[in-house]
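Visitor: Spelled out from the first residue to the last, the chains are:
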Amino acid sequence: MNELRTILVVEDDSDISEAVTAILGDYGYSVHAAANGQEALDRLRTFNPLPRLILLDLMMPVMDGWQFRAAQAADPALAAIPVVLVSADVGVAQAAEQLAVAAWLRKPVDIRALIAVLDRQLL
Amino acid sequence: MTDSVPQASPSSDAALSPPARVVRAQLSATERLVQVAQELSTVRELREIMSVVRDAARELTGADGATFVLREGKNCFYADENAIAPLWKGRRFPITGCISGWVMLNKQAAVIEDIYADPRIPHEAYRPTFVRSLAMVPIRTSSPVGAIGNYWAEPHLATDGEVKLLRALADLTSVALENAQLYGQLQQRIGQAQDAVRTREEFISIAAHELRTPLTALLLQLQRLEGLSRQGAAHDERLPECAARATAGAQRLAALIDGLLDATQLSHGGIIQLKLEEFDLVEAARDVLERFAAAARSASCELQLNAQSAVRGYWDRLRLEQVLTNLLSNALKYGRGKPIRVTIEGRGEGVSVEVSDQGVGIAPDLAGKIFERFGRVGPIAHSGGLGLGLYLAREVLDAHGGSIRFWSKPNQGCTFTFDLPLRASAKSSAATHSVA
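Chains as they are written, first to last, in our numbering: chain V, 1 to 123; chain E, 124 to 559.
In case anyone wonders, no lab produced these hints; they're calculated from the structure. In this text, a Cβ means the ideal position worked out from N, Cα and C, and glycines have one as well. Fair warning: there could be bad hints in the mix.
Where chain V lies over chain E, by a calculated footprint (3+ residues, C-beta under 8 angstroms) [unchecked claim]:
1) 243 to 252
2) 411 to 422
Between beta-carbon pairs, the in silico distance windows are [as the list claims (entries may be wrong)]:
3) S352(E) to A102(V): 27 to 35 angstroms
4) F494(E) to A113(V): 36 to 44 angstroms
5) I115(V) to G393(E): 24 to 32 angstroms
6) A102(V) to G314(E): 32 to 40 angstroms
7) G314(E) to Q121(V): 34 to 42 angstroms
8) A373(E) to D110(V): 17 to 25 angstroms
9) D110(V) to R546(E): 47 to 55 angstroms
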């Protein structure tokens with residue numbers, strides 16, 4: 001596993017999650033998936049080392065992206081992991097600003113744009 | 124001078140000859156009526172109409188008091204008044220036991236010089252008041268909706284002129300009341316139209332948002348397919364898998380669009396068409412569960428099917444599979460990591476199906492809304508799917524003559540149970556289920 005290129009995808013739609021996992025795999029990333037914010041927190045707390053970046057959906061059952069960000073910020077061990085927001089919401093740019101994330105992408109996502117963002121973040 | 128008109132403006136009348144005084148008083152009353160007409164043309168509420176009319180009624184005749192009475196079925200409601208001392212504002216009298224009732228029932232004015240000599244008057248009601256004489260006219264003569272009363276403390280036989288003025292005022296009042304009613308209806312219609320537009324806009328925005336989710340998955344697979352093809356790896360084992368996923372994504376998109384069309388049709392009073400055939404519901408459920416095998420694995424959910432024996436009946440197979448699919452995808456979404464149980468039980472002339480998860484459950488404040496279109500609201504909104512699943516499930520079951528209900532406790536999961544007759548009932552088999 002390439003630890004420098006490990007990413008956690010937090011996405012409730014399994015089709016999107018699987019597609020992103022496969023594509024990032026094609027590009028040499030090592031990808032873990034969580035179906036909602038709670039699962040993401042649970043997984044993050046067992047990771048060693050931690051993933052370099054989190055791709056975060058906003059609207060998810062159980063724990064949404066907003067709640068996840070709040071929980072992440074409250075946990076000193078996790079707070080520093082950069083987050084890229086990926087959402088179909090029209091207000092994604094505004095949400096990105098409020099949640100103080102590193103970058104944002106609007107669904108449907110263009111692969112090249114996604115890879116460009118990841119490469120920039122993981123330089 | 125028997126047909127005198129009251130002196131609404133008594134300022135310097137003493138200097139005038141009697142005929143000139145009459146003309147002046149008539150002019151003044153006409154001016155006042157014109158003013159009333161103008162005021163009534165601008166007010167839209169009953170309260171405002173009553174206020175204008177009770178004041179004008181007293182001024183026009185120079186009476187000591189005026190009342191505005193409304194008919195309320197078998198009662199007369201003394202809704203408003205303007206008088207030198209309190210009369211009956213806020214009180215109700217039987218229509219057969221008061222003078223305003225008599226006026227409305229007989230569709231004609233009443234002029235009474237001595238109220239205590241008139242059998243139509245309920246004397247006890249008048250004893251605490253200053254009233255000795257009165258004149259009362261109905262509002263709208265064809266089918267009175269109310270009455271306007273004038274009262275005098277000293278004996279006074281209302282003149283024809285005074286009664287004519289009151290009648291003119293009653294006519295203006297009648298028009299104003301009708302306008303207010305029409306205005307109210309218009310406002311209501313406008314409100315309904317605005318609600319419909321709002322619902323439609325909401326529908327479109329949610330639909331657009333939710334279609335993006337499967338579209339995103341599909342586009343990602345297509346872009347990946349494109350990328351892999353460009354690399355020239357014709358025998359890359361990832362290609363067929365990627366193509367299959369793209370196809371599945373497109374099918375999911377198509378199903379979502381079908382759901383949207385169903386919901387749109389239903390919201391326009393349309394019908395759910397049923398194609399009835401005989402089949403085993405247990406076998407159909409097994410098929411659906413098999414289709415969920417991969418999704419269940421990735422959600423770490425064990426799928427269990429409990430059924431003692433085959434349950435054959437006449438239903439629409441595709442529609443019932445759609446219901447099970449909707450219930451299962453909800454269970455997987457909200458009950459990850461825990462088993463999901465489907466139980467099918469034949470019961471005499473019917474069958475009962477239970478889909479049960481051990482997930483987060485349904486928040487109590489959402490419980491009343493989940494079967495509505497876009498029932499998924501609040502913090503879990505837009506979590507995939509259109510929020511149409513349960514709405515369509517209920518409609519499909521309704522069309523079969525069946526029903527659906529649920530049990531849920533936060534963090535303990537939820538169970539959806541639907542009951543169906545073994546043979547979809549006649550009304551629904553003709554596919555005549557309509558929704559308002």
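Visitor: Would you mind marking each hint as holding or not holding in the structure?
Guide: Now the hints, each set against the structure:
| no. | hint | in the structure |
| --- | --- | --- |
| 1 | 243 to 252 | violated (count 0) |
| 2 | 411 to 422 | holds (count 3) |
| 3 | S352(E) to A102(V): 27 to 35 angstroms | holds (32 angstroms) |
| 4 | F494(E) to A113(V): 36 to 44 angstroms | holds (40 angstroms) |
| 5 | I115(V) to G393(E): 24 to 32 angstroms | violated (46 angstroms) |
| 6 | A102(V) to G314(E): 32 to 40 angstroms | violated (46 angstroms) |
| 7 | G314(E) to Q121(V): 34 to 42 angstroms | violated (50 angstroms) |
| 8 | A373(E) to D110(V): 17 to 25 angstroms | holds (19 angstroms) |
| 9 | D110(V) to R546(E): 47 to 55 angstroms | holds (52 angstroms) |
Checked against the numbered hints listed earlier, the structure breaks hints 1, 5, 6, 7; every other hint is satisfied.
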